[in-house]
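*Asks:* First to last, the sequence lines map onto chains A and D.
Here the first sequence is numbered in the working numbering, starting from 14 and rising by one per residue.
Here the second sequence is numbered in the working numbering, starting from 8 and rising by one per residue.
Don't read these hints as lab results, they were simulated from the structure.
Check before you lean on any hint, since a few could be wrong.
Stated by the list, open to error - In silico DSS-like pairs for lysine-lysine, Cα to Cα no more than 30 Å straight-line: (1) D:Lys76 - A:Lys379; (2) D:Lys76 - A:Lys18; (3) D:Lys81 - A:Lys380; (4) A:Lys233 - D:Lys406.
Stated by the list, open to error - Not everything, but these chain A residues come out facing chain D in the computed CB check (under 7 Å): (5) Lys233; (6) Tyr252; (7) Tyr364.
From the three backbone atoms N, C-alpha and C, an ideal C-beta is built for every residue, glycine too.
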Amino acid sequence: MKNFKLVYTIGVILLAVLLTLGIASLVLAVLGADVLKTFWVIFCYPFTSFKNLSGVINIMTPLTLVGIGICVAYRSGIMNIGGEGQMLIGLLCAIVFALYSGIEGPLSIPLIMLVGMAGGAVWGFFPGILKSKFGVSELLSTVMFNYIATQLYAYCLRVPLLDPAVAGGAGDPQTVKLAESQWLPRINEVIENVPKGTRFHIGILIAIALAVVVYLFMWKTPVGFKMRAAGASDRAARYGGISVSAYLVLAMIISGACCGLAGTVEILGVHHRGLGNCTGGYGFSGIVVALFGGLHPLGVIPAAFFFALISYGCSALQINKIPVPSNMIDVLLGLMIMVIVAAKLIIANPYLMDHVQHTVTKLINKKEGGADA
Amino acid sequence: MANPITSLRIEHITKRFPGIVACSDISLSVGKGEVLALVGENGAGKTTLMNILMGLYTPDEGKIYINNKEVVFKSPSDAFACGIGMVHQQYMLVPNLTVTENVALGMRQMMDGRDGDTTLDKFKRAVKLDLASVRRHIVAISEHYGLSVDPDAYIWQLSVGEQQRVELVKTLCFGAKFLILDEPTSALTPQETDELIELLRRMSHELSIIFISHKLAEVKALSNKVAILRGGKLVFRGNTADHSAADIAALMTGHQVYLPVNQSSKAPGKPMLEVHDLFVRGDRGNMALNKLNLTVRAGEIVGLAGVSGNGQRELAEALTGLRAIESGEVSLDGVSLVGRTPKQIIAQGMGYVPEERNIEGIVPSMSIRENLVLKDIGKPPYSTVGVISNARISANAEKMREEFDIRCSGVNVAAGSLSGGNIQKVILAREISRGPKFLIAVYPIRGLDLGAAEFIHKQLLALRDSGVGILLISEELEEVINLSDRIAVIFKGQIQRTLGRGEATQRKLGMMMAGVKEI
Ligand SMILES: Nc1ncnc2c1ncn2[C@@H]1O[C@H](COP(=O)(O)OP(=O)(O)OP(=O)(O)O)[C@@H](O)[C@H]1O
Ligand SMILES: [Mg+2]
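Only chain D is shown next, with the shape it has when bound in the complex:
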């Protein structure tokens, strides 16, 4: 196995993509046992830089040194062989294989880089899949780091947080001595996040870690050093302890960030969305929504707080016509939505920012400008007498790009090639600019940088003031408390209780989300 990594240094790394410099002259170093937090706006080049470290991309200029020796990675297996392992923004697990099988799947490729093997050894490994020894390896690793995973569980049975742990175990099984984590917490529940941070802290005694995050609380909690990228350039390096979260935020965006707070006293209008005794089935046939009742008025933001998996997704899908309603009544502005198609519901004025933005919110292989008119392509001004007007679609895209600060090399590139945060901006731009009567926003700022989060929150509040009703589904209690006029807590498919803006505190909400009814 590779020697332990006592230092990793990159010098003057530059990487250009057509029309954009993703990384520009970046130098960084990480010592043994250090945790470096890499932060920066969406599209700043964080993921690209880490992909270079992993050998996925070759830098145009610059060098990488491990233990003061220059290394050149031609492929990820070279990086693995040096002991660098990465958990990507999107997990790469095969759903209908077990944990052990998933780990074994990547294992052979990694092992090929091992020195001192005879050809016979290599041949033996190539023909034989030794699941039992892989399983032992997994158990040993998970005990060593206190990482609980069930080696025999199928991936599809696991929650997002558990899948994340599988990715970690997988990387560690490959012999990683240096961990790179790209936004490891963005899809986790707050509890899972806390567990992960605790776990990483323990692991940092033995390993070096680079982690990317948009949540400064995590940066403060976990890292010794912080590096900030902006527009592909390294703009700041320092010790985490010397700087407050607000300082880091300001350095990151170039201005002070104030997440806006809903202070409006304007009384909400007539009921916009009314849900009465709603029953909806989940994917496994169980009743995911169990007699749910909810009303959202015009000009009101109702935050739906809850631990994920308590029916939030099913509710959003039922309200938008993507999931069948078993029984109950749903109406938007007085018109029943039961049995309507998504198209009819959209025409009724419903906007929706879905949870799975990469596969649901955009068509990844289509261009940004096409994605921005996904819902309106058949209507003027984007098409008249059955012919698409490319000029108007492009003009719209340029306007949205300006207004929502979508960072891209051009509106003709595939939406799937954008950075995670910018994909979210494309979706929000489309949904907000369509002028909906009602908006369902699921985790609207997940994966967004602070500046963008601030911007989106302002947009949501402005939308509310213009009389739109908003259902904000989120696990981030701070976000829910900041924005909502009322907060409904969902638990096991029912609304546990609804609180006014003044009543809600993080502690109270946290307990109610766990199922406590009266506090």
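So that you can see chain A by itself, here it is in the shape it has in the complex:
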């Protein structure tokens, strides 16, 4: 069998998905929910209307952007779990710039995005330089920078940026609304004749374009090549004259910029103002998306769609009167991470694959032999 490897890989992934679904059903059954109906809402309901599908795409957008950022860092040998903080700082910078620069008109959107990317890039730069200069583990520093970003953002939201309309009141803290010309247009505002209810913002186009650009950068340019070499084997890269520490910092800057852009797009496209929980935890779920997408910028796109799907589906459980806590999605996510890691190990083991191939060939031969007899 020539394509056994491909078949094997797909088989393992399918098994992983089945296993996840199996365990999830078990959890649902224990919770006393109607298993089939729950799955229908999670996986099929989002497809039932263009409005729902637009909701999925709006969730998919920041997930894709963060996922791309995680891929760049991971491929370059650094695990960025600071996506959440980079998103926050990025969107904070973007909001401040949008509110106080007085900029308006068509050019304002790209400019605000650039500012947001710069903010995220700075937040990625620090852990990068700490690692390359002092060997500080990025796992530690990125998490710490998440805390700093969260607190800094909470402060800004409550004090300097607080919307006077809610000041002193009991409402949740938020900033003033951005000017309408600074909002990312919705697809039905750009293209006419889209089916009714199609109203996702055009951030998804930016995300897909970025995925292609990052793919070309990482795989078709010498700089990307060197970053991947540094990530795959830092000693060999150093030997080959590649400045591993410089590329590490660059990777974190790019990664941070992607996450910063994710935060900015979320503000410009969905919330139109700063709110208490506007990152939606995408900085973390983006890591799972990146893993699920094979740590490849193009693989991130379908992975993000899939995650957005179940995320939207889970949040729709309530509307559909299914008594399952929406925390279910966290359970599903946790399950998936474990199954993905296990599946990855299995796929990477050539000896195991060899044994499976043999058993399968033997079974097929036996069947054919049996048919002949």
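Once you've looked at the hints, dock chain D with the ligands against the given chain A.
*Replies:* The following block gives chain D with the ligands in isolation, referenced to the frame of chain A:
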């Protein structure tokens, strides 16, 4: 424990990988107390065949018989349970555990295959790590075979030779009655090699052994039988005593092998590499190089002979910018290299074949063609205006594959999946074809088959004749004497003495390497 193995026979073993037949219809047998040497070119399928014997791979066709009974190994623990143990080409020890802990680590898995245990016994073993009894076991084994290991030493404290002994003890502790050794001597010093051969000879009274080696002297010294693989096929079987090393070499490569000798009388040119009073620290903070002085001229090969651990690695790394220089002066073609980055030094014309080829010389997960341009990816013709040209990279790879006879199923496969010798060819192809001004070659033929060694030596001599200066770091005295114009002996971070080509003999060098200054 398993019954003693009185005979092991494999019949018509065939194993295919995508695009390649690694083993093709191989039949062999080994009797009690026999030592079979398995030799063959790089990529001939030796390691694959042994991995099949160990249950790591399943053969596509063919059968294995132990004591005339067919066995099917589904995993290495099945092979262990039958008493077969293997020491791999790369050691599999955990550096920050002790010897005892490392042995204990593999022990449980092996013990699971034992018959006649009650479930309670198995459960007890599963929850309890009986280090004291493992330690006793190690001491008993090492006394029995005269294998000296310190059960309480940490792996990171041990030399390569000592680690090898730990691997052996580990395998024996698992109850191996049949030993498979994959290139056990390729990373050992000549002294350690002699000790190992002596040890194996003693062990062969009680055990059967299959060992793989590219060094025919060892084959002659240790084995009763020899089997030669070429291109996955068994091309020869015979008694070692009936054939000379030269015969075996010829059978292996298909032609007579003459390791070339440097006979050029061309006078070397201007000084290329100059090292003056060099001080460099080792990994543990000690002064690994202690006021080292050395000059290599253009068109000259200087062999650096010495027992490993006397500063060779630190010297190579300091010269290539991978290790900081404490003090002293180093220059290449008149340009100082002190404080330069590896990139700048490469741009200055320095080539380097490193010792640890698997983790330093290549990026294992990247393809062969990418590894061949690792140092030049940012320059034309491989990339223009910031875009990589895949067509040119592939063309280069095909050319190198042809020229250096890299055996692979395609240049797009990961370099890490190549056989050991072919990885070395990839590195040499890259370093030589870049047209360096100066080349540092550390153990350039380690793990290479004879034909490849001959080829590499010819390449090095041709490079020398074209005016490149070469620093050849090696422990193989024969290699050093054959190739060098001058030989410098390194001892405790200093050059002990430098000898001309005519003056050096193996005996003289051996004594100077041990620290004797004047002979
Ligand atoms: N898992 C694998 N997948 C694909 N090809 C493989 C695999 N393992 C080995 N090969 C190929 O099979 C052939 C035999 O490899 P093997 O490692 O057995 O050679 P070897 O005789 O041990 O060589 P060396 O002396 O260099 O160690 C090589 O061409 C190698 O590239
Ligand atoms: Mg091998």
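*Asks:* Sort out which numbered hints this structure fails and list those numbers smallest first.
*Replies:* 2
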